[in-house]
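Chains W and R supply the protein sequences, listed in that same order. Note that numbering that gives the first Met the number 0 has the first sequence beginning at 0, numbered continuously upward. Note that numbering that gives the first Met the number 0 has the second sequence beginning at 0, numbered continuously upward.
Think of the hints as simulated: they come from the structure by calculation, not from any bench. These numbers come from a predicted model, not from an experiment. Among the clues, some could well be false.
[Unchecked claim] With a cut-off of at most 25 Å between alpha-carbon atoms, the simulated SDA-like pairs for lysine to any residue come out as follows:
#	chain 1	residue 1	chain 2	residue 2
1	W	Lys19	R	Val125
2	W	Lys42	R	Gln9
3	W	Lys42	R	Asn39
4	W	Lys7	R	His203
5	W	Lys19	R	Asp202
6	R	Lys192	W	Met29
7	W	Lys33	R	Arg24
8	R	Lys13	W	Met29
9	R	Lys88	W	Tyr18
10	R	Lys101	W	Arg164
11	W	Lys42	R	Phe3
12	W	Lys19	R	Cys56
13	R	Lys72	W	Asn12
14	W	Lys22	R	Lys40
15	W	Lys7	R	Val125
16	W	Lys13	R	Asn36
17	W	Lys22	R	Lys13
18	W	Lys19	R	Leu44
19	W	Lys13	R	Leu44
20	R	Lys40	W	Tyr18
21	R	Lys192	W	Asp125
22	W	Lys22	R	His203
23	W	Lys7	R	Asn55
24	R	Lys88	W	Lys42
25	W	Lys7	R	Asn39
26	W	Lys69	W	Val59
27	R	Lys13	W	Arg26
28	W	Lys22	R	Lys2
29	W	Lys22	R	Asn55
30	R	Lys2	W	Asp163
31	W	Lys33	R	Asp202
[Claimed, not checked] Pulled from the structure, derived: some chain R residues nowhere near chain W, Cβ distances all over 10 Å:
#	residue
32	Gln83
33	Ile86
34	Lys101
35	Asn142
36	Asp153
37	Trp172
38	Leu179
39	Pro195
40	Ser197
Every residue, glycine too, gets a C-beta built ideally from N, C-alpha and C.
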Amino acid sequence: MDLSHPTKTIVINKSKNLYKWSKIFNRLQMNFFKEETKLRREKQIEDFIYLNEFKSVMLVTDTDVFGEFKNTIQVTTDPTKADIVIITDQKFSRYPCPDIINRIIDLVDCCPNLYLCLNRHYINIDNSYIDINLAPDFPLAITQWLVKELPAHQILDLSLNYLDRGDYFTWAIPDRHYLIRKND
Amino acid sequence: MTKFIEAFEQSKIKDDRKTQYIRYRFGRLKHQYWLWNRKNKTHALIDEFDSIILRNCKPGKIVFFGSAGYYLKDIWSEIEVVEQFPIVKTFYEDVYICEDRKELSNILPFKVDNFAVVNSRAEHWVTIDGLTEYVSQYTKVMNPGCRFFYTLRDTQLHVNRLTIDMEEHFLNWAISLEKLNLKLVWHSIQFHKKIPDSDGNYDHNENPDTTNGNLKFMFVYKDNNDNWEIQL
Chain W
0 MDLSHPTKTI
10 VINKSKNLYK
20 WSKIFNRLQM
30 NFFKEETKLR
40 REKQIEDFIY
50 LNEFKSVMLV
60 TDTDVFGEFK
70 NTIQVTTDPT
80 KADIVIITDQ
90 KFSRYPCPDI
100 INRIIDLVDC
110 CPNLYLCLNR
120 HYINIDNSYI
130 DINLAPDFPL
140 AITQWLVKEL
150 PAHQILDLSL
160 NYLDRGDYFT
170 WAIPDRHYLI
180 RKND
Chain R
0 MTKFIEAFEQ
10 SKIKDDRKTQ
20 YIRYRFGRLK
30 HQYWLWNRKN
40 KTHALIDEFD
50 SIILRNCKPG
60 KIVFFGSAGY
70 YLKDIWSEIE
80 VVEQFPIVKT
90 FYEDVYICED
100 RKELSNILPF
110 KVDNFAVVNS
120 RAEHWVTIDG
130 LTEYVSQYTK
140 VMNPGCRFFY
150 TLRDTQLHVN
160 RLTIDMEEHF
170 LNWAISLEKL
180 NLKLVWHSIQ
190 FHKKIPDSDG
200 NYDHNENPDT
210 TNGNLKFMFV
220 YKDNNDNWEI
230 QL
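In isolation and in its complexed conformation, chain R is listed as follows (with noise of 0.2 Å):
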């Protein structure tokens, strides 16, 4: 008899590797650079956006959180990856298993100067306050100077989107990170400035970079010295 459902919890998931797999996978669109540069001895395709990341990085550790850092690692032997879910040592041995932000520190034998999280799905379906709780956890893994880079997409966090001007609250969100002593360097704010064409249609596409997200923020934690010039 089938069994009609609202939410994800009403029914029992399937715990086979298959469909946990597939539950990781399509949440995860970078995923699909590790596939493509699997099957290429020579040449490995990256995305823009990290290779924007990847180019500001300083000298020292590079982390990418969350993020299907593993097809960098994979050029870079010497970036390390931390994932959320434990499905990805299945496929990816070299990486650090976190499950709970709160155990990072824990579970990281270093700290990092160079800290990326790249519109990773485990940090959607929360207000600022709950971004503010993530944030909060990675800094205890930051040697300070460290460059702490953030992306994220505004159509999956909380928000009354008809009562606010989004732009200025996840600005204004990020500019409040001094609290947790991180400077806003850098941010790019996008939301799809629609215009009607000339028979008066409007185009129904999201707003920009559904990849890497259109909320993007690059921070320095501890050092109000860094002369840091962002490379784009």
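Chain W with its partners taken away, still in its complex shape (with noise of 0.2 Å):
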């Protein structure tokens, strides 16, 4: 085949981004369905925010949730401010392993209460850390990794157990829920 005849003249595109569509990911998922939905996993962090009655609240999220929910409570930017600081934000599970210990000991240190989400598909996004002692299933290993760096800390698993085939909506809020605490 001669691909020397193009019907355009050919410019390799090496700057001009592709349009990505993560800032609207969670309202454009849930536009899909036929009937009105919410994620169960919003809705969950809602509801353990409003039924332990936190009052001051630091959310860190990449996309759009808690759309409604942030006008019922009182948010903050400043962790040693808040009762609870709630991670979503994918980027959280892009540091290298050390690093994302090292952040939540930061921010435990600053506030009592630390929900984290992280996604399953991020972790260890760098490949820099292996540990062959870890349960081979992996969102078991997530949990023991995290109880293993963290021996000052409660770490509560809150997560579902599953396989994820990509149509959990782990884009919008990820999908392993933590809830982690200074050891009394």
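Since each chain sits alone in its own frame, please combine them into the complex, following the hints.
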């Protein structure tokens, strides 16, 4: 096949970014459904805040979640003034493993409660961490890793356990949910 | 009343064309090239890695599978395009639709000399064994000597990311495809090496090339004498 005769002058793209949808992932996906839907994980976090009467909340998000809910709570951007820090921002999962641990320690030093959502698919993003003693089951291995690396903290895994086939809205709210506090 | 859902299967999806199109569109970044190029009568923008694939194709049939290859077919009409989602046929007539890879050899009326699957979203959410099964279906339409271009993203494949050296894992898998008569000729496996800045902070970027995938492989099918010198 002769590829030397294109129908147009070819320009190889080295700089123009393709459109990504990450800022509206949640709304975009919920609009696919016939019924009015809401992400259960989003509701879980909102109810967790409400039912445990957290008064001042720091929300770290990267897409369109907690829309109306934000108006019903006192939101702060300062972790030292928060009762709880909620992180659903995917970027947190993309730090190297030791850096995730250090960031957790720093946050829990500032604020007594951390509700951390990690995207399993980004963990160990740089392939720099290997611990063959962790469980073969990856979600369990993530929890074991946190428990092992944070001996001075309580780690409570609030996640569902399932095989992710890309249909669980993980890029709206990540799938691994942990409540992290300092040991008493 | 609002329904709370955890996964796509838990509620019915609208079946109108617009919804189907947006579902297709938001998972296929390269569709954007087709949209851009349609509006330009003289110039066509093409992806850098797609240009590398085309530079490395041998004479004969070229197929892009599940990779928005129709944007390239607009420039080189000889390129054949296979897509898995019927919605594509509504905006681009000249494609083969193959929803199930097992049907591929029945759907394509020819054998192929160059076969490319470039970070296809439908390729993801399986283990390496699942990938092997997909690839075995592709080989059924390959002529001996076919060049096979296969790229993926590590973050959307099933692997225990904490207990396995992923670079070794994916490279060993690619080498293992010799059992399908595919000889690995070239590969690029890129995990972003994170280095702290002067304040000790790390970046939170994804692994390189979210468009084409950070796992890139080129193989030759049933031909140990191909003196292919990869042109990058």
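(request) Take a quick look at Lys101 (chain R) and tell me if its Cβ sits farther than 10 Å from every Cβ on chain W, holds or violated. (result) 19 Å, holds
(request) Mind checking the alpha carbons of Lys72 (chain R) and Asn12 (chain W) for me, to see if they're no more than 25 Å apart? (result) 17 Å, holds
(message) For Lys22 (chain W) and Lys2 (chain R), compute the direct alpha-carbon distance and say whether it is at most 25 Å.
(response) Distance of about 23 Å is within 25 Å: holds.
(message) Next pair to validate is Lys40 (chain R) with Tyr18 (chain W); report whether the Cα-Cα distance is within 25 Å.
(response) 22 Å, holds
(message) What's the verdict on Lys19 (chain W) and Cys56 (chain R), does the C-alpha distance respect the 25 Å limit or exceed it?
(response) The hint is violated at about 29 Å.
(message) Need the status of pair Lys101 (chain R), Arg164 (chain W): alpha-carbon distance at most 25 Å?
(response) Cα-Cα ~20 Å, so holds.
(request) Quickly compare the C-alpha distance for Lys22 (chain W) and Lys13 (chain R) to 25 Å and report which way the hint goes. (result) Roughly 22 Å between the alpha carbons, so the hint for Lys22 (chain W) and Lys13 (chain R) holds.
(request) Would you check the hint for Lys42 (chain W) and Phe3 (chain R), treating anything up to 25 Å between C-alpha atoms as holding? (result) Measuring from Cα to Cα gives roughly 8 Å; hence the hint holds.
(request) Measuring Cβ to Cβ, find out whether Ile86 (chain R) lies farther than 10 Å from everything in chain W. (result) Check passes; 13 Å lies beyond 10 Å.
(message) Check the hint pairing Lys22 (chain W) with Asn55 (chain R) against an upper bound of 25 Å on the C-alpha distance.
(response) Violated, at roughly 36 Å.
(message) Need the status of pair Lys7 (chain W), Val125 (chain R): alpha-carbon distance at most 25 Å?
(response) Outside the cut-off at roughly 38 Å; violated.
(message) Between the alpha carbons of Lys33 (chain W) and Arg24 (chain R), is the straight-line distance 25 Å or under?
(response) 19 Å, holds
Hints 3, 4, 6, 12, 14, 15, 24, 29, 31, 36, 39 from the list above are not met by this structure, while the remaining hints are.
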